[in-house]
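S.K.: Next come the chains, spelled out residue by residue.
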Amino acid sequence: MTSENPAPGRGLRAGLPARFARAVGARANGPAGRGRRRLGTIVRISAALALAGGVYASFAPGMAAAEDTSALTPAAQLGKGLFDTSCTTCHGANAQGVPGRGPSLIGVGAASVEFQVSSGRMPMARQEAQAQRKDPFFNEDQTRQLAQYIQELGGGPEIPQGPLTPTGSKEATAEAVARGGQLFRLNCGSCHTAGTGGGALSSGKFAPAIAPASERQIYAAMLTGPQNMPVFGDNQLTPEQKREVIAYVQTMQAQEPGGWGMGKLGPVTEGLAIFLLGMTALVFTSLWIAGKS
Amino acid sequence: MTATTKEHGVPTTAGPGHEDRTRFETMRDGAREDGIEIVHYEPPFPKTGTPAERRLQTIVAGLFLSTGLLATAFVVIYIVWPWEYDRDSLISNLYTPMLGLTLGLALVCTGFGIMIWGKKLIPHEIAIQERHDGPSSEHDRSVTVATLQYLGDEMGLKRRPLLGLSLLAGLAPVGAAVAAPLIGGMIKDPHKNVEGRDDSALMTTAWNTGIRLAREDSSPVRPEDVSVGGQITVFPDIPGGHTNRYADSPTLLIHLRVEDMDRLRENLYGINEGGIWGNFVAYSKICTHAGCPASLYEQQTNRLLCPCHQSQFLITDNAKPIFGPATRRLPMLPITVDDEGFFVAQSDYKVPVGPGFWERP
Amino acid sequence: MRKRAKLDVKSMPATAANAVDERLQVARPLRGLLNKVFPDHWSFLLGEIALFSFIVLLLTGVFLTLFFDPSMKEVTYNGSYLPLRGVHMSAAYESALNISFDVRGGLIMRQMHHWAALLFMASIVIHMFRIFFTGAFRKPRETNWVIGIVLFILGFLAGFTGYSLPDDGLSGTGLRIAHAIILSIPVIGTWTADALFGGEFPGDGSIIPRAYIAHVLLIPGGLLALIGAHLGLVFKQKHTQWPGPGRTNTNVVGERMFPRYVIKQGGFFAIVFGVIALMAGLLSINPIWLFGPYEAAIVSAASQPDWYVMFLDGSTRLMPPWEVRAFGHTLPPLFWPTVVLPGIMFTLAGAYPFIEARRNKDKTVHNLLQRPRDVPDRTALGAMAITFYMVLAISGGNDVVAETFEISLNAMTWAGRILLLLLPPLAYWAARRVCLGLQQHDREVLAHGVETGIIKRMPDGRFVEIHQPLAAPDEHGHTELEYTGWVVPKKMNRIGALAPAIKGFFYPVEEPAAPAKPLAGSSGKELETSGRQQ
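Chains as they are written, first to last, in full-length UniProt numbering: chain A, 1 to 293; chain B, 1 to 361; chain C, 1 to 534.
Because the hints were derived from the structure by calculation, they are not lab data. Check before you lean on any hint, since a few could be wrong.
[Claimed, not checked] Here are the computed distance ranges between Cβ atoms for each label pair:
1) A:212 / B:91: 21 to 29 Å
2) C:320 / A:94: 20 to 28 Å
3) C:454 / A:284: 29 to 37 Å
[To be verified] Derived DSSO-like pairs (lysine-lysine); straight-line CA-CA distance at most 27 Å:
4) B:47 / B:158
5) C:491 / C:456
6) C:238 / B:192
7) C:139 / C:363
8) B:188 / C:73
9) B:120 / C:238
10) C:456 / C:490
11) C:73 / C:139
12) B:188 / B:350
Every residue, glycine too, gets a C-beta built ideally from N, C-alpha and C.
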């Protein structure tokens, strides 16, 4: 990521980062593309057709072997196979994107692929305001293969090797968590809420709850800024700071001391609870008190 | 109703003994003196020792005993349960729930015990009390009015008008004297110029020409620190710049994509011209509606959303409000890069930041 | 010696009572108090919930003051909650964290205080609905209605100041918006805001101490005084009652205060206290440690006020972006939904008894309640007001609703704007129709009797359902009863013609009675007037 950043200067080399940043999510879902959501059915049918075609293609390897794939590592070659069966409908044959359907994936990097595919957001079931987390379509190995393919195709940010949470003594970890908390509240809480439960954005978009995301997914999300999430490059949040944020997010999932948190949705659920539980119980009690004995 | 009284009125069957009976009658006659007629009085268990009565007695006693047990449990838990906060320990996290559970159930048991006693074991009754509302008697009213009028005569205010006037003139300033320090101590002139500036705090922020844009840890920001499609909250690089002392100064520095920046360049209006640097633009983080940080940056739709009242600002059009209750654009902080390659402010904001107020032009 | 001591003990109450009476002459007033009659109905207990939660608020509040430090002085946290260690924060937030983590049993006290506050406001509102829909605010009780409205406003202020005290992220955001609201007031806005906050937001550190003294002294003082006046007036004017057999405008039918009424109240207090304690232990409320200290650049999504302030947040969110700018002055859009609107709402609510009396040219004293169905206009107005309030309150949480149910946030705002205008008139119309329908059905039953479910075939082949008249035929053979505005039995088992419904949740609490004999004509009258029909 670092190397991809533009040097100070008017838009120097800005073209490439711009391309990979916009490529991450389905840009077509902006205001201009809203009407296309109606095409969802058509897209689903064509996806099914593509899948069927892909299955056929995998039984007939000779057909796809027209391109030169010798430059790819074996893993990437496997990834390409998967890509050609499942992704080309929206992202095009060489991941250069299909206008109105899916963005180009050149330069998005392995991190982005891993985030989108491992969280089940890609392949998308249908065109909608925002891709939803669901059960992943590909298993872990396949995801890595796909990521490898996209990485070798256009480069881009990658998730580093090694642990993704701070290491060290218990005290050091505690300090890291506290620092992560400050970073989280400043940079993440405004959309994902202070309790990591997720919040609404404009026009049907939303910041999802972070709880279901794995360490790698959180890391990848910060690094690549999927969908409408801003990018937090390594110059802004260093890898160490990213680890601290992840540690804090994990702390937030721990048991709370004050009883059930009711989804940590704040005063709205508290207001509901006082009427649905407190008031209701007491009104029933008063019905009983004044009832005929 | 009277029929019921005859049937159930005084308990005559077994149960209350002779003495109780007279006591009941004394009580009833006393109530009558107060305008209260007990028209129906019926012990729930005219015969003592029926199984139903014994069962109720057992239930009530059981509830009271459970109260005792639960309250004891509360005290024991309060004392011996590991209460010190340890986020990894389920036991410690259960301290508050256990306290609530034992105390709550103890109280609920007492409540139901008392209530069943009152509801089921004490004689049912219907009593009628006469209301005596409406105005006082004509006599009382006229006498009171006369008394009040005579009070005026006694004071002689009519005869000696000077007294009343001077009293009024003398006391009014006393009221003001009481109010002055109470209220006056709090009053501050909101339009007083800030030190070193020729405008009030309402109109200015801590930003000024040449002040660097710094992170919350006071480290200055370079253009390469923010990725395309990224944003960073920056504060004026002055002592305490990131603290609440300068609550109107937090600023959002955004790195736009080329085509989005082109659109912004086309749209730049009047005071914002020349305020951007490269593909970077900085807007006040303080919402022009109610002052919350409008910090939900959507990097694809280029909107800034304020989570308090959902005002949405279009970054590519001078942060124009396009949805929600906000009426004003987010002010743009004119920025540039200094010789060392760090972002600095060209000047303070050109318009007051934050929510509107009466004196705002 | 022993005998004497025993005697003393036995006669001690009498001696003490004598001693008191010799000095204070309490015998007669005490008897009056013991015998004072209170009517009995479940809806008369709603106000008690508010009173009891206020007592819980006082008890827990005193505990909290022993540990809370209302200061905005900056400190570095070093307490037990690891994820905030080393963070700079105000002393107020630090002490609030310490209450939660470093004071034994502090967290449950804090949570009880907060839940009790929510319950206090909730029961005030529900109690107010009861008073409104039954017409209990009419002469001579207009004063008490107005006191009730002021109590709501004071409770609102107490709640908001309390919400602001911990100085966490939510508190600060709330204060910032409150500051903006004050700023929006024409002419005096900036002066008032600077006076309260001691300078430009967040001021010179005076707002938290000032909110504190308001929260623990000034507002509770006002609440206590007004609650005293409220109860005193209820006592003096005697409680209203439902119409029914033997109940007139000039009497109270019910139970004497001692022992039954007071025992029930005591039990109910324990239950209210218990419910608060259970909620406080089992349900987390306002976990301040999640929000972090208040910092001007930080906000969490879904930042909401407590529920009783949410209608103002909603009105602010729904407000279109209309700003008046003229002659070098600005009238911000915030002014209308947060200053003008609540002003109108509270004024209208407070003035309602007088408006209604004037409209109906009604100067009589009313001690009998009205069933909502018998005053369709008022019920419809109330339904309209509640709908209006509900749309605002839901809009106050519209981002949470949008997120939870995957609805577009912008669509929620627009839906709120449209429904705010559309739903209240609809609610008015619907409530009115429902009232008239219910009334009509009551009148039908009074005129023709209860449907028996027995179908009879007439000689000419028609089928008719037999109705059981509620009254014995008079000398002209009429069985119609007059409409009195009280419960009309509508099922056969309500008038004893069928076996009564079996009571009890899990097992019958009383043996079902043997099926009654077919109704004797004479029993009709007594059954109709047999009082409470629950």
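S.K.: Would the pair residue 456 of chain C and residue 490 of chain C pass a check requiring their Cα atoms to be no farther apart than 27 Å?
M.R.: Distance of about 20 Å is within 27 Å: holds.
S.K.: Run the distance test for residue 47 of chain B versus residue 158 of chain B: straight-line Cα separation, threshold 27 Å.
M.R.: 75 Å, violated
S.K.: Take the C-beta atom of residue 212 of chain A and the C-beta atom of residue 91 of chain B, compute their distance, and say whether it sits inside 21 to 29 Å.
M.R.: 27 Å, holds
S.K.: Just to be careful, I want the Cα atoms of residue 120 of chain B and residue 238 of chain C compared with a cutoff of 27 Å; is the pair within it?
M.R.: Holds, because 26 Å separates the two Cα atoms, which is no more than 27 Å.
S.K.: Quick check: does the Cβ-Cβ distance between residue 454 of chain C and residue 284 of chain A fall within 29 to 37 Å?
M.R.: 35 Å, holds
S.K.: Is residue 491 of chain C within 27 Å of residue 456 of chain C, Cα to Cα?
M.R.: 18 Å, holds
S.K.: Do residue 320 of chain C and residue 94 of chain A keep their Cβ atoms within the hinted range of 20 to 28 Å?
M.R.: Since residue 320 of chain C and residue 94 of chain A have Cβ atoms about 49 Å apart, the given range 20 to 28 Å is violated.
S.K.: Keeping to a limit of 27 Å between CA atoms, is the pair of residue 238 of chain C and residue 192 of chain B held or broken?
M.R.: 57 Å, violated
S.K.: Is residue 73 of chain C close enough to residue 139 of chain C, meaning Cα to Cα at most 27 Å?
M.R.: Measuring from Cα to Cα gives roughly 52 Å; hence the hint is violated.
S.K.: Does residue 188 of chain B pair with residue 73 of chain C here, judged by a C-alpha cut-off of 27 Å?
M.R.: Given that 27 Å is the threshold and the Cα spacing comes to 21 Å, the pair holds.
S.K.: Is the straight-line distance between the alpha-carbon of residue 188 of chain B and that of residue 350 of chain B 27 Å or less?
M.R.: Measuring from Cα to Cα gives roughly 25 Å; hence the hint holds.
S.K.: Within a Cα-Cα threshold of 27 Å, do residue 139 of chain C and residue 363 of chain C meet the stated pairing?
M.R.: 7 Å, holds
In this structure, the hints that do not hold are numbers 2, 4, 6, 11, in rising order.
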